[in-house]
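Engineer: Listed below are the residues making up each chain.
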Amino acid sequence: MTFINYASREINCKIVYYGPGLCGKTTNLQFIYDSTAAQAKGKLISLATEADRTLFFDFMPLELGTVRGFKTRFHLYTVPGQVFYEASRKLILKGVDGVVFVADSQEERMDANIESLYNLEENLRTYGYELMKLPYVLQLNKRDLPNVIPTDELTTELQRKGEPVIEAVASTGAGVFDTLKAVAKQVLTELRKA
Amino acid sequence: MPNTPMVILESRFHHIKALLARLRLDSSARLVVLVDKDGQQIAVHGELGDLDTTSLASLAAGNVAATGGMAKLIGENEFPTLSHEGEKESIHICVIGRVLLLVVFDDRSSLGLVKLRSKQLSHELAKVFAEIEKESAAARANSSLPFNGITDEEIDSLFSPA
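Protein chains in written order, with our numbering: chain A, 1 to 194; chain B, 195 to 356.
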């Protein structure tokens, strides 16, 4: 839920990175964190297991700049991708303003992508949100790996509503900021209509 | 769409800050933070030091969401208060509708006092947030939100290199 504070002249929005386990959600956030100037970001919080798998969520606040005298701040979250963290994954979606679905482009992860996307739609519905009405971007990650499905096939399978589809290699940062920009623009455009 | 912006006008914000200041004084607390259930910090008052209150707000919301999930599993709607006691510093969280009142305190206070004062203030805060709901709805209805009619160029300006 967007939060507008007239006293501090700030607008805060929440963006959630969703997707199957090991698709690169945390890697997206880590790259954004590493590449952003200190004054534009807060701490990167990772609630992870000892094996570095996301247990609850990763979080980082990111300030984009000022428009119409209001600072625009995005709170970026990831969900735990592993199937058995369903209960906590659902909690992170509460109050979401925009979603990035990070798909793993590898052939053997196709089923996991489809299951996760279905799970996203279902979990959004429990809060009364519709994916079709929400700012949304599809990121096709791990494009550098040898066993990836061609982009057009992945798009046909995973694109839900003509949303922007962005190829990425989150580990090197390729496509990471394009993804963030695409979803942030949609969130701000929604505020135009609010 | 249930996901509608919450608007806090300047006068409301100062009223909230005054309420937090009162609670901090009455409960001899170190710090009082008001957080939206989605993890956004609304207002803070007290000894901040170098404490990262943005992270604190997000983790508090996660904490309440997780314990709320546990509550539902055992047939409760939610746990209205949560307390975490440390060796020197402690935290008490009180759930008030869609916001969380978080009090950080040390041995200058006690959990009992913090609980009592938080509960007393929660009624007042509930009224304030009922007003904020109305004001947010009115701002949306009047199309008076700050980004109303924002142009593509204004949005793009955020993403162009400085």
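These aren't lab readings, by the way, just hints derived from the structure by calculation.
Careful: at least some of the hints might be erroneous.
Calculated cross-link-like contacts (lysine to any residue; reagent style SDA-like; alpha-carbon spacing at most 20 Å) [to be verified]: (1) A:K94 x B:G256; (2) A:K94 x B:L267; (3) A:K133 x A:K71; (4) A:K94 x B:E281; (5) A:K43 x B:N271; (6) A:K90 x A:T156; (7) A:K71 x B:S338; (8) A:K185 x B:E348; (9) A:K94 x B:K211; (10) B:K211 x B:E327; (11) A:K185 x A:T172; (12) A:K43 x B:G256; (13) A:K90 x B:L267; (14) A:K71 x B:L267; (15) A:K43 x B:S249; (16) A:K71 x B:E348; (17) B:K282 x B:R224; (18) A:K90 x B:I268; (19) B:K231 x B:D350; (20) B:K321 x B:A332; (21) B:K231 x B:N271; (22) B:K309 x B:E281; (23) B:K328 x A:K161; (24) A:K193 x B:A332; (25) A:K90 x A:K133; (26) B:K266 x A:A87; (27) B:K309 x B:I290; (28) A:K181 x A:S35; (29) A:K94 x B:K282; (30) A:K41 x B:I268; (31) A:K94 x B:S338; (32) B:K282 x B:T261; (33) A:K161 x A:K185; (34) A:K193 x A:V67.
Stretches of chain A that chain B covers, calculated by requiring three or more beta carbons in the stretch to come under 8 Å of a beta carbon on chain B [unchecked claim]: (35) 11-22; (36) 38-46; (37) 53-67; (38) 180-191.
Every residue, glycine too, gets a C-beta built ideally from N, C-alpha and C.
Engineer: List, from low to high, the hint numbers that the structure doesn't satisfy.
Structural biologist: As far as the earlier hints go, 3, 4, 5, 6, 9, 11, 14, 19, 23, 29, 30, 31 and 32 are violated by this structure, in ascending order.
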